[in-house]
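Asker: Below are the chains, spelled out letter by letter.
2 protein chains.
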Amino acid sequence: MSRMVDVEPLEPGAFARFGDVIEAEGPPDRLINEGLCGRWHDRARLDFADGRAGISLFRSEPRTLPFTLALLERHPLGSQSFLPMGGTPWLAIAAPDEDGRPGRPRAFRASGTQGVSYLRGVWHAVLTPLGGPGLFAVVDRIGPGANLEEHRLAEGWLIRAAP
Amino acid sequence: MSRMVDVEPLEPGAFARFGDVIEAEGPPDRLINEGLCGRWHDRARLDFADGRAGISLFRSEPRTLPFTLALLERHPLGSQSFLPMGGTPWLAIAAPDEDGRPGRPRAFRASGTQGVSYLRGVWHAVLTPLGGPGLFAVVDRIGPGANLEEHRLAEGWLIRAAP
Chain A
1 MSRMVDVEPL
11 EPGAFARFGD
21 VIEAEGPPDR
31 LINEGLCGRW
41 HDRARLDFAD
51 GRAGISLFRS
61 EPRTLPFTLA
71 LLERHPLGSQ
81 SFLPMGGTPW
91 LAIAAPDEDG
101 RPGRPRAFRA
111 SGTQGVSYLR
121 GVWHAVLTPL
131 GGPGLFAVVD
141 RIGPGANLEE
151 HRLAEGWLIR
161 AAP
Chain B
1 MSRMVDVEPL
11 EPGAFARFGD
21 VIEAEGPPDR
31 LINEGLCGRW
41 HDRARLDFAD
51 GRAGISLFRS
61 EPRTLPFTLA
71 LLERHPLGSQ
81 SFLPMGGTPW
91 LAIAAPDEDG
101 RPGRPRAFRA
111 SGTQGVSYLR
121 GVWHAVLTPL
131 GGPGLFAVVD
141 RIGPGANLEE
151 HRLAEGWLIR
161 AAP
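As they're listed, the protein sequences go chains A and B. Under UniProt numbering, read the first sequence as residues 1 to 163, first letter to last. Under UniProt numbering, read the second sequence as residues 1 to 163, first letter to last.
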């Protein structure tokens with residue numbers, strides 16, 4: 001099996017098994033503020049086993065393609081949503097679970113105005129901005145308990161631009 | 001009493017009575033992802049009477065200073081958080097409650113990387129981007145019930161740049 005992963009476009013259908021794409025695509029669900037503002041309503045399947053939702057900010061060093069992905073993580077107690085605030089394109093990288101370990105990952109290229117919400121328990125890579133340092137708002141579970149499971153790969157995956 | 005309101009800088013202390021400024025200022029609360037990412041942790045007092053938190057997107061027409069503010073609103077059942085995704089500066093406008101009506105408003109100039117969370121029940125203006133159309137992620141209460149109270153002013157306030 002090739003250890004190469006080609007970056008693919010971020011499309012809601014392809015991403016649905018891992019979570020939700022949060023973007024202002026298509027017509028808004030409603031117009032508010034006397035017609036001056038569109039609302040794309042409730043676009044992520046937030047799911048917290050306990051605790052509560054909170055808003056944090058992440059600022060991450062950028063990555064450059066190609067790079068080797070050697071670490072994945074998941075959060076058993078809650079969904080985790082990433083909303084870009086700096087306009088930087090980024091990669092949302094997720095993997096199916098295979099007997100408690102991450103399987104072959106997929107790498108989705110998100111624009112600087114596309115957010116993503118990973119479903120609770122979905123394997124994903126750490127935040128991966130492409131270009132300048134990435135500022136993101138993060139909506140995730142706030143509460144006690146072990147909500148981080150990491151898996152370091154014996155052999156990494158080479159994440160690369162589509163040929 | 002003058003019906004003029006001068007825009008002021010958005011500073012956490014000045015804004016605290018109305019809510020929280022969500023920004024990556026000062027050192028992060030923790031470093032994650034092997035030191036490559038800073039986390040400013042749990043920066044908003046989210047508060048939902050019932051229902052649950054959800055993530056929506058708003059895209060709003062821009063305003064130009066000066067303009068007349070004639071409508072304020074509040075959400076009795078939950079906090080409402082605005083996170084800019086398009087880099088556009090914007091105004092966070094809030095007002096104290098005076099016997100069930102909004103008092104004199106204050107207008108805070110936010111940068112394109114500053115978010116704001118209005119406390120539950122705080123009077124505020126509708127989304128006010130300055131410049132290009134403003135794309136924002138919004139974290140607010142999803143659920144049934146009347147969570148919008150609007151107050152139209154008989155006489156508006158002129159919101160203007162500081163002289």
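It should be emphasised that the hints constitute simulated quantities derived from the structure, not laboratory data. On a predicted model such as this, the values are computed, not experimentally measured, just so you know. Just so you know, even glycine gets a beta-carbon here, dropped at the ideal spot from N, CA and C. Keep in mind that the hints are not guaranteed to be accurate.
[Unchecked claim] So the derived list for chain B, only partly shown, Cβ under 8 Å to chain A, looks like this: (1) Leu31; (2) Ala49; (3) Ser56; (4) Phe58; (5) Leu65; (6) Thr88; (7) Arg109; (8) Ser117; (9) Gly121; (10) Leu153.
Asker: Grab the minimum C-beta distance from Leu65(B) to chain A and call the hint holds if it beats 8 Å, violated otherwise.
Answerer: violated (16 Å)
Asker: Should the hint that Ala49(B) touches chain A count as held when the rule is a Cβ pair under 8 Å?
Answerer: The hint is violated - Ala49(B) has no Cβ within 8 Å of chain A, the shortest such distance being about 13 Å.
Asker: With chain A as the partner, please determine if Phe58(B) meets the hint condition of a C-beta pair closer than 8 Å.
Answerer: holds (5 Å)
Asker: Does Thr88(B) pass the interface hint, meaning its C-beta sits closer than 8 Å to a C-beta of chain A?
Answerer: violated (10 Å)
Asker: Let me know if the C-beta of Leu31(B) comes in closer than 8 Å to any C-beta of chain A, holds or violated.
Answerer: violated (10 Å)
Asker: Less than 8 Å between beta-carbons is the criterion; does Ser56(B) satisfy it with respect to chain A?
Answerer: holds (5 Å)
Asker: Can the hint on Arg109(B) be confirmed by a CB-to-CB distance to chain A that is less than 8 Å?
Answerer: violated (17 Å)
Asker: When the nearest CB of chain A is found for Gly121(B), is that gap smaller than 8 Å?
Answerer: With a minimum Cβ separation of about 18 Å from chain A (threshold 8 Å), the hint on Gly121(B) is violated.
Asker: Report holds or violated for the interface hint on Leu153(B), using the least CB-CB distance to chain A and a cut-off of 8 Å.
Answerer: Violated, because the Cβ-Cβ distance from Leu153(B) to chain A comes to roughly 14 Å (cut-off 8 Å).
Asker: Does Ser117(B) pass the interface check with chain A, least Cβ-Cβ distance below 8 Å?
Answerer: holds (7 Å)
Violated hints, in rising order: 1, 2, 5, 6, 7, 9 and 10; the structure is consistent with all others.
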